[in-house]
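Colleague: Working from the sequences, and respecting the hints, build out all of it.
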Amino acid sequence: MNAAVARLFPIATVVAAIMIVWYGFTVYLNAPWQIEKYEKAGIEWQMEDLVRDTMALDRPILPAPHQIAIEIWQTTVEKKITSKRSLIYHGGITLSSTLLGFLMGTVLGIGLAVSIVENRAMDKSLMPWIITSQTIPILAIAPMIIVVLNSVGLTGLLPKALISTYLSFFPVVVGMVKGLRSPDPMHIDLMRTYKASRMQLFWKLRLPASVPFLFASMKVAIAISLVGAIVGELPTGAIAGLGARLLAGSYYGQTIQIWSALISAACMAAILISIVGIISHITLKRMGLQQ
Amino acid sequence: MTGFQTLLSRLGAGAALLALVSGFLGGGSDMAVIGGSLLLVLAGVRHVSGILPHIVIDLAAGLVGMAVLLLVLASGMGAAFWWLLVASWLFCWLAVERGMMASTNTAMFSNVILLAVPVFFGIWIIFVWQMLAVGLDIPMVLLPSPAQIAVRFMASTSVLWADFQQTFLKAALIGYILGCGSAFFLAIIIDRVPFLQRGLLPVGNFVSALPVIGIAPIMVMWFGFDWQSKAAVVVVMTFFPMLVNTVAGLQASQAMERDLLRTYASSYFQLLIKLRLPTAAPFIFNALKINSTLALIGAIVAEFFGTPIVGLGFRISTEVGRMNLDMVWAEIVVAALAGSISYGLLSLLEKQVTFWHPSNRRNHS
Chain X
1 MNAAVARLFP IATVVAAIMI VWYGFTVYLN APWQIEKYEK AGIEWQMEDL VRDTMALDRP
61 ILPAPHQIAI EIWQTTVEKK ITSKRSLIYH GGITLSSTLL GFLMGTVLGI GLAVSIVENR
121 AMDKSLMPWI ITSQTIPILA IAPMIIVVLN SVGLTGLLPK ALISTYLSFF PVVVGMVKGL
181 RSPDPMHIDL MRTYKASRMQ LFWKLRLPAS VPFLFASMKV AIAISLVGAI VGELPTGAIA
241 GLGARLLAGS YYGQTIQIWS ALISAACMAA ILISIVGIIS HITLKRMGLQ Q
Chain E
292 MTGFQTLLSR LGAGAALLAL VSGFLGGGSD MAVIGGSLLL VLAGVRHVSG ILPHIVIDLA
352 AGLVGMAVLL LVLASGMGAA FWWLLVASWL FCWLAVERGM MASTNTAMFS NVILLAVPVF
412 FGIWIIFVWQ MLAVGLDIPM VLLPSPAQIA VRFMASTSVL WADFQQTFLK AALIGYILGC
472 GSAFFLAIII DRVPFLQRGL LPVGNFVSAL PVIGIAPIMV MWFGFDWQSK AAVVVVMTFF
532 PMLVNTVAGL QASQAMERDL LRTYASSYFQ LLIKLRLPTA APFIFNALKI NSTLALIGAI
592 VAEFFGTPIV GLGFRISTEV GRMNLDMVWA EIVVAALAGS ISYGLLSLLE KQVTFWHPSN
652 RRNHS
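Here the protein sequences come in this chain order: X and E. If you use the working numbering, the first sequence corresponds to residues 1 to 291, in order. If you use the working numbering, the second sequence corresponds to residues 292 to 656, in order.
Be careful, since some hints might not be right.
[What the hints assert, rightly or not] Not the full set, but computed from the structure, chain X residues with beta-carbon under 7 Å of chain E: (1) 13; (2) 16; (3) 122; (4) 124; (5) 128; (6) 133; (7) 141; (8) 216; (9) 246; (10) 248.
[Said to hold, decoys possible] Derived lysine-lysine pairs resembling BS3-like cross-links, with alpha carbons at most 30 Å apart: (11) X:219 x E:642; (12) X:178 x E:642; (13) E:461 x E:565; (14) E:565 x X:219; (15) E:461 x X:178.
Because the hints were derived from the structure by calculation, they are not lab data. For each residue, glycine too, the CB sits at the ideal point set by N, CA and C.
Modeller: Next comes the structure, spelled out in structure tokens:
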């Protein structure tokens with residue numbers, strides 16, 4: 001058994017176990033409704049009928065995994081991308097505001113971190129409030145912020161992206177501050193013996209040292225921006241985006257639609273995080289910080 | 292004074308001078324604004340000539356500026372007013388900047404400064420907010436002023452308390468305890484079984500990065516409109532961060548330390564309680580802190596998908612619809628206070644429990 005199999009086997013087992021439990025719950029949760037249906041129609045039913053029919057309901061309490069897979073297939077591959085029913089169309093809208101928010105959050109976070117590290121008054125007055133800012137449940141008031149920004153004339157991508165920005169700047173600030181302060185005192189002393197100015201110390205020592213920390217924070221930040229974008233879509237009257245699909249699905253009881261939006265959001269998060277991971281790997285390798 | 296401080300004092304004096312000039316040119320400006328600007332110009336000029344350089348005068352100049360601004364505040368202020376605002380802000384910053392330099396002298400004094408500076412900054416944010424909201428005549432449906440929010444807060448404490456009870460004490464707190472508690476015990480079980488560790492941890496890491504909040508509509512369908520469905524969302528949201536962190540924490544003790552306890556013939560539970568849980572404490576508290584904000588978010592967002600007619604999320608979404616933004620902000624204040632206080636309490640508890648950790652020792656670099 002080689003190393004990759006040894007690593008993947010336990011994960012595969014756990015995923016398989018989750019699937020089995022899921023199918024079990026599909027039958028268990030949908031059974032009462034299905035049995036009622038049989039009794040109304042006066043049909044004699046066997047256990048195998050029940051298992052088959054509970055997995056093929058239109059609006060199940062819990063859809064079976066293959067139903068969700070079929071729904072995702074139908075709404076991605078079999079629909080035109082421009083169609084309002086295509087998940088790719090909705091996913092693209094969510095993705096664009098996620099990326100814009102992530103970008104703004106990262107830039108803001110880096111800027112704040114630099115000013116915190118370079119100025120002590122900034123450090124003491126800003127840092128406690130940056131931490132406090134995250135204890136405010138911004139996601140919870142996101143819908144209101146969107147509505148207010150819309151009434152000021154800010155519509156479309158930007159209001160949603162601002163929610164993502166608010167969420168994603170925090171991990172970047174915390175990680176970057178840690179990173180910019182991470183150089184060994186010995187290295188700082190070495191730079192001083194070279195008579196390095198403050199700028200040189202920053203560009204040649206502090207900034208390179210902070211890169212691994214930056215990438216670690218960016219992985220957290222992009223995941224959290226996606227959450228911000230989805231929640232930001234909830235109040236826009238359910239027009240477009242994965243969040244809107246969730247809301248529309250919950251209004252009309254379309255559980256399969258909810259689950260398929262949820263699973264595609266999960267896949268998107270996984271892909272985004274691994275893209276950041278790959279970029280981080282390449283960059284760190286080229287900088288000589290990672291083998 | 293350092294170069295940066297000199298720059299601040301020059302900029303402050305410049306802004307005050309502009310306030311003075313525009314006060315005279317604009318005509319009809321309040322005498323208080325002109326007097327205040329004159330004072331701030333003098334405070335800046337004294338740094339050029341080097342007389343009376345004491346820091347208290349900078350602070351006093353900033354505070355006098357603030358007092359004048361509060362005094363004359365009315366809707367639709369002129370240019371002089373805004374320049375004076377900029378000047379007072381620069382002088383307050385200068386005072387803080389110089390105070391930080393001076394604070395390295397005595398421990399007592401520096402402790403006071405460390406507490407006072409962030410508080411002062413917070414006061415300034417609220418102050419500027421009030422100035423902008425009233426001075427620029429921003430309509431209440433966009434951004435109510437802090438004073439309006441405070442009045443509304445005081446007037447509707449009973450409603451706020453009922454919402455707080457529903458969302459925080461029932462949904463968030465119960466969900467938080469159930470989610471964190473079950474994850475903690477599962478983590479201890481996982482820790483004993485290496486196979487589960489290798490299988491469940493990557494899955495747990497993956498799930499804790501997912502937009503779990505999306506399950507809110509499903510939970511509302513399953514558990515009904517009352518707080519049980521919200522607590523269920525909170526359980527799922529808090530479960531995975533706690534699981535991943537606790538498992539990581541349980542592995543944090545070093546082989547040498549474990550070997551030492553084995554030479555004392557300690558049993559599994561002794562090892563767990565005396566060594567591994569204490570070393571895991573920083574990780575566990577990290578998860579508890581992350582979860583404290585997640586729980587509140589989960590409980591409030593879940594209320595957008597269906598709720599009885601009480602709760603923070605319900606009130607926020609209905610009052611937005613009725614354009615009662617001051618009530619919405621009062622609810623936000625409640626949520627922010629609840630979030631910050633629980634975070635603060637957890638930090639205090641963490642300091643008590645993990646007093647030995649390097650980040651909590653005194654005089655760390």
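Colleague: Answer holds if the nearest beta-carbon of chain E is closer than 7 Å to that of residue 248 of chain X; otherwise answer violated.
Modeller: Constraint on residue 248 of chain X not satisfied, violated at 10 Å.
Colleague: Does residue 216 of chain X hold up as a contact with chain E if the rule is Cβ-Cβ below 7 Å?
Modeller: The hint is violated - residue 216 of chain X has no Cβ within 7 Å of chain E, the shortest such distance being about 13 Å.
Colleague: Have a go at the residue 141 of chain X hint: is there a Cβ in chain E nearer than 7 Å to its own Cβ?
Modeller: 6 Å, holds
Colleague: What's the verdict on residue 461 of chain E and residue 565 of chain E, does the C-alpha distance respect the 30 Å limit or exceed it?
Modeller: Violated, at roughly 34 Å.
Colleague: Residue 133 of chain X was flagged as interface toward chain E. Is the shortest Cβ-Cβ separation under 7 Å?
Modeller: With Cβ-Cβ at 9 Å, over 7 Å, it is violated.
Colleague: Does residue 124 of chain X hold up as a contact with chain E if the rule is Cβ-Cβ below 7 Å?
Modeller: For residue 124 of chain X, the interface hint holds, since the closest Cβ of chain E sits about 4 Å away, which is under 7 Å.
Colleague: Was the hint right that residue 122 of chain X lines chain E, CB cutoff 7 Å?
Modeller: 9 Å, violated
Colleague: Check whether the Cα positions of residue 565 of chain E and residue 219 of chain X lie no farther apart than 30 Å.
Modeller: 35 Å, violated
Colleague: Does the nearest C-beta of chain E fall within a distance shorter than 7 Å of the C-beta of residue 13 of chain X?
Modeller: 5 Å, holds
Colleague: Could you check if residue 246 of chain X really has its C-beta closer than 7 Å to a C-beta on chain E?
Modeller: 6 Å, holds
Colleague: Is the straight-line distance between the alpha-carbon of residue 178 of chain X and that of residue 642 of chain E 30 Å or less?
Modeller: 20 Å, holds
Colleague: Does residue 219 of chain X pair with residue 642 of chain E here, judged by a C-alpha cut-off of 30 Å?
Modeller: At roughly 28 Å apart (the allowed maximum being 30 Å), residue 642 of chain E and residue 219 of chain X satisfy the hint.
Consistency with the previously given hints fails for numbers 2, 3, 6, 8, 10, 13, 14 and 15, ordered from lowest to highest.
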